[in-house]
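J.: Those protein sequence lines, which keep their order, are chains A and B.
Note that numbering that gives the first Met the number 0 numbers the first sequence so that position 222 is 221, with each residue one more than the last.
Note that numbering that gives the first Met the number 0 numbers the second sequence so that position 199 is 198, with each residue one more than the last.
Hints are computed from structural coordinates only; laboratory data are not their basis.
None of the values given here were measured: they were computed from a predicted structure.
Just to be clear, a hint being listed does not mean it is correct.
[Said to hold, decoys possible] Computed list of lysine-lysine pairs in DSS-like fashion (alpha-carbon distance at most 30 Å, straight line): (1) A:Lys154 with B:Lys270; (2) A:Lys204 with B:Lys224; (3) B:Lys157 with B:Lys32.
[Said to hold, decoys possible] Quick list of the computed label-pair ranges, beta carbon to beta carbon: (4) A:Leu331 with B:Arg119: 35 to 43 Å; (5) A:Glu82 with B:Lys107: 50 to 58 Å; (6) A:Gln206 with B:Trp246: 50 to 58 Å; (7) B:Asn256 with A:Ser80: 21 to 29 Å; (8) A:Ser80 with B:Ile274: 53 to 61 Å; (9) A:Gln206 with B:Glu168: 43 to 51 Å; (10) A:Gln206 with B:Asn256: 18 to 26 Å; (11) B:Val101 with A:Ala109: 46 to 54 Å; (12) A:Arg116 with B:Glu168: 54 to 62 Å; (13) A:Ile100 with B:Pro102: 28 to 36 Å; (14) B:Val101 with A:Arg116: 14 to 22 Å; (15) B:Arg119 with A:Gly157: 51 to 59 Å; (16) B:Lys162 with A:Arg98: 23 to 31 Å; (17) B:Asp205 with A:Cys258: 49 to 57 Å.
Note that the Cβ used here is the ideal one computed from N, Cα and C, for glycine as well.
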Amino acid sequence: MDRVRIAVVGAGVMGLSTAVCISKLVPRCSITVISDKFTPETTSDVAAGMLIPPTYPDTPLHKQKQWFKETFDHLFAIANSTEAEDAGVLLVSGWQIFRSIPAEEVPFWADVVLGFRKMTKDELKKFPQHVFGQAFTTLKCEGPVYLPWLEKRVKGSGGLILTQRIEDLWELHPSFDIVVNCSGLGSRQLAGDAKIFPVRGQVLKVQAPWLKHFIRDGSGLTYIYPGISNVTLGGTRQKGDWNLSPDAEISKDIFSRCCVLEPSLRGACDIREKVGLRPSRSGVRLEKELLVRDGRRLPVVHHYGHGSGGIATHWGTALEAARLVSECAQALRTPAPKSKL
Amino acid sequence: MRVVVIGAGVIGLSTALCIHECYRPVLQSLDVKVYADRFTPLTSTDVAAGLWQPYISDPSHPQEALWNQQTFNYLLSHINSPNAANMGLALVSGYNLFREAVPDPYWKDIVLGFRKLTPRELDNFPDYSYGWFNTSLILEGRRYLQWLTERLTERGVKFFLRKVESFEEVARGGADVIINCTGVWAGALQPDPLLQPGRGQIIKVDAPWIKHFIITHDPERGIYKSPYIIPGIQAVTLGGIFQLGNWSETNNIQDHNTIWEGCCRLEPTLKDAEIVGEWTGFRPARPQVRLEREQLHFGSSNTEVIHNYGHGGYGLTIHWGCALEVAKLFGEVLEERNLLKMPPSHL
């Protein structure tokens, strides 16, 4: 087989970064990214993009750390290069604070971020309701800028971008030899995966350019993430809620919780509401599957289910997905062993 | 009791406010006026990047260390106020970079979270091998001066656009106490060979992805002669010029190039940043701040002058501590003249 035709379903951060990784790893292939939604309408566009990873109960910890480190290193290099502004990547320092001493004072990712340490008593004075905190420097990777930058890279390496809603992965057969499923929540339908469910997140994007630090409550419910052109205030974690319309009461509540942590936010203006559904799963699904139907075969690489840790782990999981695609391509190129009969 | 403050930069306005806050409650006759020939946005304060950070070396006058600390604590106490941004005040963290190991600065416990840089952090700055990380404050000159002006106006303090030619002229105009906050131009009112302009030039750029200050140090060249990048509320200040004795108020192309090349080398992400302005200002450089009383005699009356000038490149950093000290000296004047019925609550 000469040119392996690869379809990547989904154009969020997973679809686009996987397409880029595949273009670097798999020789002689053509890549088409197919999605019904593109930036700025994907889940990745709503995410603040802070590199503070969650913990997936069903994924081995060493893997999570590897994915996070690979993503951090990849984005750190961009943040320090002339591409930083075009890619939407920046370094931010700040604090994660707790109302009671957490069971885990030093998380698994502490030595991946920069300068991780416990907050001093003087630093904690800024947060009278909190008794413990961690200070560190990490990265922010902003969907609305990063995704177009990735799209340029996909096209630059000869990839195609198609707007189309896929209802069934078999639609891609026989036009494509390998399918990479980066459809996030769409996998409920496309992969028949009942284990993936939305965790609704509502956020506010405001103008408060004097804020230079992130502040995150250890519960993950309240956070302030300053970015390039706005500050993200959050949030909510509503399991099983599919509602994409912002709720005014929730917005008021988010604003008020954030003002407790950062009173100067009262001066914030140009407040916009956004909602995203985190594609949540107890572990990231990153594996090959051979679909078979009526004698037809369709190799699929699944790459979805990152929940709230998508941006934080995307490059590491995309590299792994690309390796799995490479294996599929190798298998397709290796002639089948002749039967002995 | 008529007080005239000469100078409307951060020193003049903060001193006026401090005196008014301390003594107006106990001295009904207190009348404070501000005379200046330059108001914001034309003062030296307006050109300053506004980062709270004293010089690296110990001050020649130990009192300055205390005044710096008082200023930091005073500003920090406002950080959780909803008005912080209105004052031009914000927390900011960042890097001080050196080519070799240096002792910790005396202010390491004043700022928050002071620590050394880790090797990975230093990888980001290939020209430097040692450094510090800490959280400090930004106090943007222009916004702060506007805020001070509002507070003073609320209190009935009046401002006059006047070029003062002599202390005598102000004394004969009826001033009982003159607070001399004339900054780099103090020599025009009374010669001071210790005071010199420390000319600085800065470029302001639009680079909102920069959230940290980065200050490099080159002990051979001296303070402020090495590139620095300081994010403000809306724009990022790029600098690295300090020319003692240079009174040229126009922007210089060589200085522009020095700043631009130095800062882009330090922070490559600046390459495409849009320049939104370029300014020149004179740091009122002096071996130490002149903060003292002087009695002048014009005709039959004695006029008290309290000098408060010569704050170099650390005016915003030290301003409130100096204002408090001037207020204390002013209190002594009032006591000597039997004007104080009871001690003021602030001291």
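J.: Would you mind marking each hint as holding or not holding in the structure?
T.: Hint check results:
1. A:Lys154 with B:Lys270: holds (25 Å)
2. A:Lys204 with B:Lys224: violated (39 Å)
3. B:Lys157 with B:Lys32: holds (5 Å)
4. A:Leu331 with B:Arg119: 35 to 43 Å: About 41 Å separates the Cβ atoms of Leu331 (chain A) and Arg119 (chain B), which means 35 to 43 Å holds.
5. A:Glu82 with B:Lys107: 50 to 58 Å: violated (35 Å)
6. A:Gln206 with B:Trp246: 50 to 58 Å: violated (40 Å)
7. B:Asn256 with A:Ser80: 21 to 29 Å: This hint holds: roughly 23 Å between Cβ atoms.
8. A:Ser80 with B:Ile274: 53 to 61 Å: violated (21 Å)
9. A:Gln206 with B:Glu168: 43 to 51 Å: For Glu168 (chain B) against Gln206 (chain A), whose Cβ atoms are near 47 Å apart, the range 43 to 51 Å holds.
10. A:Gln206 with B:Asn256: 18 to 26 Å: violated (34 Å)
11. B:Val101 with A:Ala109: 46 to 54 Å: Check failed, 28 Å falls outside 46 to 54 Å.
12. A:Arg116 with B:Glu168: 54 to 62 Å: Because 57 Å falls inside the window, the suggested range holds.
13. A:Ile100 with B:Pro102: 28 to 36 Å: holds (34 Å)
14. B:Val101 with A:Arg116: 14 to 22 Å: holds (21 Å)
15. B:Arg119 with A:Gly157: 51 to 59 Å: Violated: the Cβ-Cβ distance is about 35 Å, outside 51 to 59 Å.
16. B:Lys162 with A:Arg98: 23 to 31 Å: violated (58 Å)
17. B:Asp205 with A:Cys258: 49 to 57 Å: violated (28 Å)
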